[in-house]
Amino acid sequence: MSNIKNISRRSFVKSVGLASGGLILACNTPVFSDKDKKPENLVDFNPNLFVQLNSDGSLILIASRSEMGNGVRTSLPSVIADEMDADWSRVSVQQAVGDKKYGDQNTDGSRSIRYLYEPMRKMGAMARVMLITAAAQKWQVPETECSAENHFILHTSGKKIAFGDLVEIAKTLEIPSEENLKYKSPKDFKYIGKYLKGIDAKEYGNGSAIFGLDKRLPNMKFVAIARCPVTFGTVKSFDKTEALKISGVVDVIEIPRIEKPFGALGGIAVIATNTWAAFKGKEALKIEWDFGDNQVYDSDQYMNQITENVHKQGKIGKDLGNVNNAFKNAAKTIESTFQLPHLAHTPMEVPNAVAWVQGDSCEVWAPTQAPQSTRKEVTDYLETTEDKVTINVTFLGGGFGRKSKPDYVVEAVIASKTINAPVQVVWTREDDIKHGYYHTVSAQYLKASLDKNGNVTGWLHRFALPSITSTFMPGVDYAAGFEISSAANVPFDIKNLKVEIGQAPAHVRIGWLRSVINIPHGFSINVFADELAYAANKDPLEFRLNLIGNDRIEDTKDPIKYNTARLKNVLKIAAKNADWGKELPEGHAFGLAVHYSFYSYVASIVEVSMKNNKVKVHNIYTVIDCGIVVNKNTVTAQMEGAAIFGMSLAYYGKITAKNGAIEQGNYNDYKMIRMNEIPKVHVEIVESTENPTGVGEPGVPVIAPAIVNAIYKITGKRYYNLPLSDYDLV
Amino acid sequence: MITLRINGKKHDIDVEPDMPLLWAIRDVVGLTGTKYGCGKGLCGSCKVLLDNSPVQSCLIPVSIAEEKNILTIEGESENLQLLQESWIEENVPQCGFCQPGQLIAATALLDKNENPTDDDINEAMIGNICRCGTYQRIKKAINRTVELKKQS
Ligand code: FES
Ligand code: FES
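Same order as they appear, the protein sequences are chains D and X.
When we follow UniProt numbering, the leftmost residue of the first sequence carries the number 1, and every step to the right adds one.
When we follow UniProt numbering, the leftmost residue of the second sequence carries the number 1, and every step to the right adds one.
This is chain D alone, in the form it adopts within the complex (with noise of 0.2 Å):
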């Protein structure tokens, strides 16, 4: 039975949140954590993705992701259209509000093509199957004799009908068997695989597109929060005379602190009439803290200690051969440790949400990444159920991680409900950088050996670096199985490796950030590669390659496979790109780094120049393989942004601690590449048939170790730690 139905009769439909009427059908995804749970008789069917056509022939689908830059809304329905024969400019996009019927609506981990670009294929042949038939019962003609053109059924005598013409008995319809259902071939493809207009581009150009920041309610108070500078400090006791003085304050009150990953850091909300005096009147507030154990964090002592860690034995995370051996009959061995810092998020829109308490329902409106954990977390704290609780997804100024953890929604909803009233919580530019979910810190040692022919023998890579595990299960000190995979899975064709982890107990909230643990992985792997090319006399890009070795599936104990032989292809077209071994202007120097991420496989090489002992990026040459591309624009958009993404936390990026509070707080001290600083970026996608894999993150690991690699050939000199603005380089 298939997993796509005609629901046009069906009473559930105005719960999805679609009008009546029109030809509607609906999937059933299936979701990444039961993969194995068929849907096969209509009790179970719970349809995920809608999509739905109107006798005018407009074309609604419902986005179940959010839309942050990513290109969602625009890509998703692209597929539909195009295997439906659907004229692009009468597609519409709903955006779903956070519900399970949505299936898994996370918009992280670079997923959302990766999972839903089969279903939505299949729906749109269907639907276009079904027009097809609904345009020969009309005619009464065989349905061989038609076809589907750009919102019309064709027959061969000529006559034409529109989409929407045909919906009274396309809805009647069943829907047609899988079996034999027809699939456009590649070649036809318009809009897939195309560079397409994001759906969206006019609203974000004209200022209609509403943000989060931008909802407005009757009566709505604005709030902002004072809290504890050390993480998990409590408020010991406040004083809020100073701060209701403030024309436009009209409340002072407490936001208890929820322990719970996503809880509420707990503090001091000002409630007032407009932003500004919210803002001010935080500033007016007298509080006294109880700041807590984490007031011991100091990030620079923080260093030493994961760094002697790493200069030490650890816990075992792989064990090939042995190493020892193999360092013990090197010809030369080389060793180098690395030490990268905290990572803040800064999408350009704060953190804020809306949120309305009635009684026992609610409903949000805020920007998220994770619309059904939100959903969750204020059930959770208002201890009703699900569905007394509507969360409705904005557009994202950015997300990057940060707004996959609602504790900022969780703060809205506590203050709606102790005020009685519709708030929006707005968090400043100065909140979102001392009380964000940091990017780990790290500490790295990597030793390898050899032989005399410059062949690595043994690899061993340590690390140290508080856990993302931590913030749900605090205590942990040691990297989870997910951090250690990408050292563990390095593609280098080495008998002897072993990773090693080091204890690194976390004192602030850890996060995900764009790309995680490629960062620090994919920085030092690629700096070390490229130190041992020169240990072993060799030209950086033939013994990388020969270093990956041949073409192989690695064992990555994962469903989708690892192939060397794509991580090879992407790096041998980067160096096409650039012309690697061209002669370059007097102080110029190319450098190169390779990754695979998300089952993507990146590699860039950057032209530098060093003037002045000042480094200056002139060309990113970005070639990805990330399967069948939906959307050429928002690929090559997203490695533009990736780049930029990489030279900002290359540069400049770095979170610090003193007595337990992050030191930086706007970006005149956690600084942005800016219009001045920027590369020429060209992008390449290779052309491929394989299955789509992830976009948003894989650009950004390989960026930092490719600067740093170039830098090293112009001066002789490596750097080992970042950002590089703490070496005056910029």
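If you are wondering where the hints come from, they were derived from the structure by calculation, not from laboratory data.
A few of these clues could be false.
[Claimed, not checked] If we take Cβ atoms under 10 Å as the criterion, some of the chain D residues that face chain X in the derived model are: (1) L196; (2) A209; (3) E242; (4) I246; (5) G248; (6) A331; (7) V350; (8) G399; (9) V426; (10) N633; (11) A642; (12) G665; (13) E677.
[Said to hold, decoys possible] Below, a list of computed lysine-lysine pairs in the DSBU-like style, where the Cα atoms sit at most 35 Å apart: (14) D:K447 <-> D:K236; (15) X:K112 <-> X:K40; (16) D:K611 <-> X:K112; (17) X:K140 <-> D:K576; (18) D:K680 <-> X:K10; (19) X:K10 <-> D:K215.
Just so it is clear, CB atoms sit at the ideal spot from N, CA and C, and this is done for glycine as well.
Since the structure of chain D is provided, determine the placement of chain X with the ligands on it from the hints.
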């Protein structure tokens, strides 16, 4: 009462004179296209034109903006509209949040310089952060607009 003239329309608002123009526009007048990104003049998300000059509205008290002509992203100006079209043609926005500020900065540039060099563009746009990293396309879209204007 303070009178603001935004996009050619008058708004009488009752706010403290030190309230930054940004919050008067967003929370009191209710035009939300102008964005908050940092509140400290560091990111450019809040840019508007004040008597044709680009300013960070998060730094300007409303009292200073009184009786001046304010242009926000919702407003009309020849260069702004042309740039908006180029923004779509070049597929500039990713998350879109910084783009109103970017467009206002670019409008100010083209208003006083019909043929900006690369350095002119850098200088005009340096105050605007795009965390999504759309800079290259912003530059392309500005250049496209310049070319189109030259041709017509
Ligand atoms: S909000 Fe005004 S410059 Fe950032
Ligand atoms: S498009 Fe997202 S910050 Fe610029």
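To see whether the hints hold, each was checked on the structure:
no. : hint              : result
1   : L196              : holds, 9 Å
2   : A209              : holds, 6 Å
3   : E242              : violated, 15 Å
4   : I246              : holds, 9 Å
5   : G248              : holds, 7 Å
6   : A331              : violated, 43 Å
7   : V350              : holds, 7 Å
8   : G399              : holds, 8 Å
9   : V426              : holds, 8 Å
10  : N633              : holds, 5 Å
11  : A642              : holds, 7 Å
12  : G665              : holds, 9 Å
13  : E677              : holds, 9 Å
14  : D:K447 <-> D:K236 : violated, 49 Å
15  : X:K112 <-> X:K40  : holds, 26 Å
16  : D:K611 <-> X:K112 : holds, 33 Å
17  : X:K140 <-> D:K576 : holds, 25 Å
18  : D:K680 <-> X:K10  : violated, 44 Å
19  : X:K10 <-> D:K215  : holds, 23 Å
Hint compliance for this structure: hints 3, 6, 14, 18 are not met, and every other hint is.
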